[in-house]
Each structure stands twice: as C-alpha cells, then as structure tokens.
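I would like the entire structure built from these sequences, with the hints used as guidance.
Here the protein sequences come in this chain order: S and F. Anchor point for the first sequence: position 139 equals 139 in the working numbering, and the numbering is continuous, going up by one each time. Positions in the second sequence are counted from 1; adding 1000 to them yields the working numbering.
Calculated directly from the structure, the hints in this document are not laboratory data. Positions of the beta carbon are idealized from the N, C-alpha and C atoms, including for glycine. Heads up, a few of these hints could be off.
To spell it out: a stretch of chain S is covered by chain F in this simulated footprint if at least three of its residues, at any positions, have a beta carbon under 8 Å from a beta carbon of chain F; those stretches are [unchecked claim]:
no.	region
1	92 to 100
2	145 to 158
3	167 to 179
4	183 to 194
Residue strings, one per chain:
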Amino acid sequence: MELALETPRLRAVPAERVPAPPVETTDADLLVRIADRDREAFDVLYHRYVRSMFGLALRRLRDRQRAEDAVQETFAAVWRSAASYRPERGPAAPWLYAIARNAIVDRFRTQIDTAGEVPEIVSADPGPADAAETSFVSWRVHRALETLPPREREVVELAYWSGLSQSEVAEYLHIPLGTVKTRTRSALARLADVLEGELS
Amino acid sequence: MPRFDDLIEADVPDAERSRLQHVHDLLVAAGPPPELSPRLEAGPTLAMTLSRPAKPRGRRIALLAATIAILAVAFVLGYVAGNRGGGLASAQTTMQLSGTHAAPAALAALKILPADTSGNWPMKLTATGLPKLGRDGYYEVFLVRNGKIYAPCGSFISKGNTRSIDVTLNAPYDLQPNDTWIVTKQKRGDRKAGTVVLRPTT
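Next up, the structure:
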C-alpha cells in the first residue's frame, strides 16, 4: 500500500552543508582561533550556532527581522570578544549564550522604546525566570540537534515536528521501518550524551 | 507530538530508557528549530568581522590618549596641507576585493581616484566572476566605516560572462583612512544591504 504524503513542512536536511565541523574541534578551540582572527573558525562556529541563536532571538523578540538583526549583532560581538573567553573558566556554550542574550536584550529594549501602547490585558506568558529557563533548554537542544549526523537529524525532525508516524517517516524516506527506529534511538542516545550534565 | 513508547522499543534497558525519555521530553519542550532566512543561511557577513576586538580598559585609556595626540598632530598637518591645496584629497589608492562564499569566483579591484573640488571621490571598480542575478537583482557597492555599513556608492549588474565589468562609482562623503568597501547582491526594493559577495582581501 502506498501512502499519499504531503511534503512535511520542515527544513530539508541539505546534502551539502557549509563546512561540516570536525567533531574534534570544540567550541572552545574555535573561540581561541577566532580570537586570532581566523575567519574559517568563525564560519564553523556560526553554522553550529546560528539556528539555536535565531530560535532564542525569535522566542524573545517575536519578530523575524529583529531576531535576524540580533543574531547578526551576536556574531559580531563574538568576533569582537572572542579573546575575552577563558577556556579554563568553563565551556564555551554558556559564554556564547550570555553574548546572545545580551544582544537580544538590547534589541528588546529598542523594541520597548519604540512600542506604542502598553497592553491592557495581563499576559499569560511565562514569567522572566521560566522563560529564561525554557529559552536556555531550547537553545541547547537545538544546538545539540546540529551535532547529529544528517540522517539521524532528519528522522528526529520528521518524527517530532512533521506529524508523521514512524511508518510514514519510513515511507517518506524510502527506508525500512526498522532503520527509522534504529536511527531514532541512536539519535536520542547521542543527544543524551551531548546534553548530559548541561541540563541535569 | 509522538509518544515516547511509539518511538522506542520496549526491550530497551530501564536505565537507557530513562535517559532517552529525558531527551524525548526536552525535544518536546524545545519545539522545532526555526527556519533560517537566506540572509542567515548564507553565513557570516563581512560587517560582523569588521568590528574591532574589545581591548582591555587600561589599554583603551592609553590608546585614547595616543589617539587624541595623533588627532591633534593630524589636525595641524591637515590644516597646513589643506592650505597648500594638497593632502589626502590628492591621494589615489587601489583596494583588492575577493569573493565570499556567495560568489567564490569573484575578484575585483576598486580604484579610488583623487577627490574633485566639491569633495566627490570617483571610483572605478573592475570585477570578474560575479554571477548574473535574477531579473530584479543587482550589485551594490557600500562604504564601510568602523565595521558598519556607512553609505552606498553605486550599483551595477553583471551578465555573468567571463569578461570583466568596469563601472564608475562615486563616494560623495569625506573619506577616512580606515574606510573600506564591500559589494553586496540586492533585489529591487531592498532596504538593507544584502549578502556580501566581495570583501577586501585580508
């Protein structure tokens, strides 16, 4: 039986992505190289983090244009400040998160400064502390997704955010159901390795 | 959202199952990653890497003092040179530009000619390897100052063939010694600088 599937509304996993970051190159290594004005390292770091930073900015600013601007400013700040990162003080991810958050807060202030009216209804959105916690989790999860091999990431994205069942994912990708299950389990295990310790 | 039990077989050991369940919960909480715009997908822009590294505070103060001193000397020298009818405005320089990942085969030379008496700085850009853009596309040359796009200097199109393009541009601004230029690709109606295709050779 053939399933009639619509193309899921997901980003395609590109066959060729911009320089696949070598696994052994840590974010800290990249920042050290960026401090020496290494554009190639900057390019690698950019592609590792651009999606999670954009997600962070989008959640906070709720405006794609402003979020894009905040991401641009974040990376400009990373380029400017890489020399101030000290690997012995801790991993690079929280340092990068702090830079991103500052750039987004700056954008947010501008937004408030130019906003016309104060809303009359109290927002049901989570408070600042909850929002910050959720943002950090999402940021790290999206960043961790970027570390997966493309085949595994594709399966995870289809399984979680396209509304397809695993059988439908298998049909869509023209691979056996068993392969979908293997890749899903492998992907979750890898994500657990990446995220372990950071979020517990 | 999928149910964890539908994704992971029942035969997975408990400890492993618990780890995977935690990741599953995080994925559900995080939601899908956002779709990137072409602008972000294209990679770092030149403007990002033109910003200068932050300097330690003590060094900044020393630099500030030195800068004030240099400016004072420059002012005096400029005043003298200006009164002689020469100086910066008579300079001529050529800047080499190379293609970014958006136009890897592109190369260009930007010749900045001496300013006219009104303060316009004519420039001649010779470029090769720039691809032909879509119907509404064109290239724009921007003056970059202090790491930020400062002003447009002119636009042009490319047929995408192997012959070089020669265009005459103009910078109707007071140029400064550290000014530089980039070339971006644009679409009609764009209000902001697009993807950088040529940047100064470093």
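We went through each hint and held it up to the structure:
no.: 1; hint: 92 to 100; result: violated (count 0)
no.: 2; hint: 145 to 158; result: holds (count 3)
no.: 3; hint: 167 to 179; result: violated (count 0)
no.: 4; hint: 183 to 194; result: holds (count 6)
Violated hints, in rising order: 1 and 3; the structure is consistent with all others.
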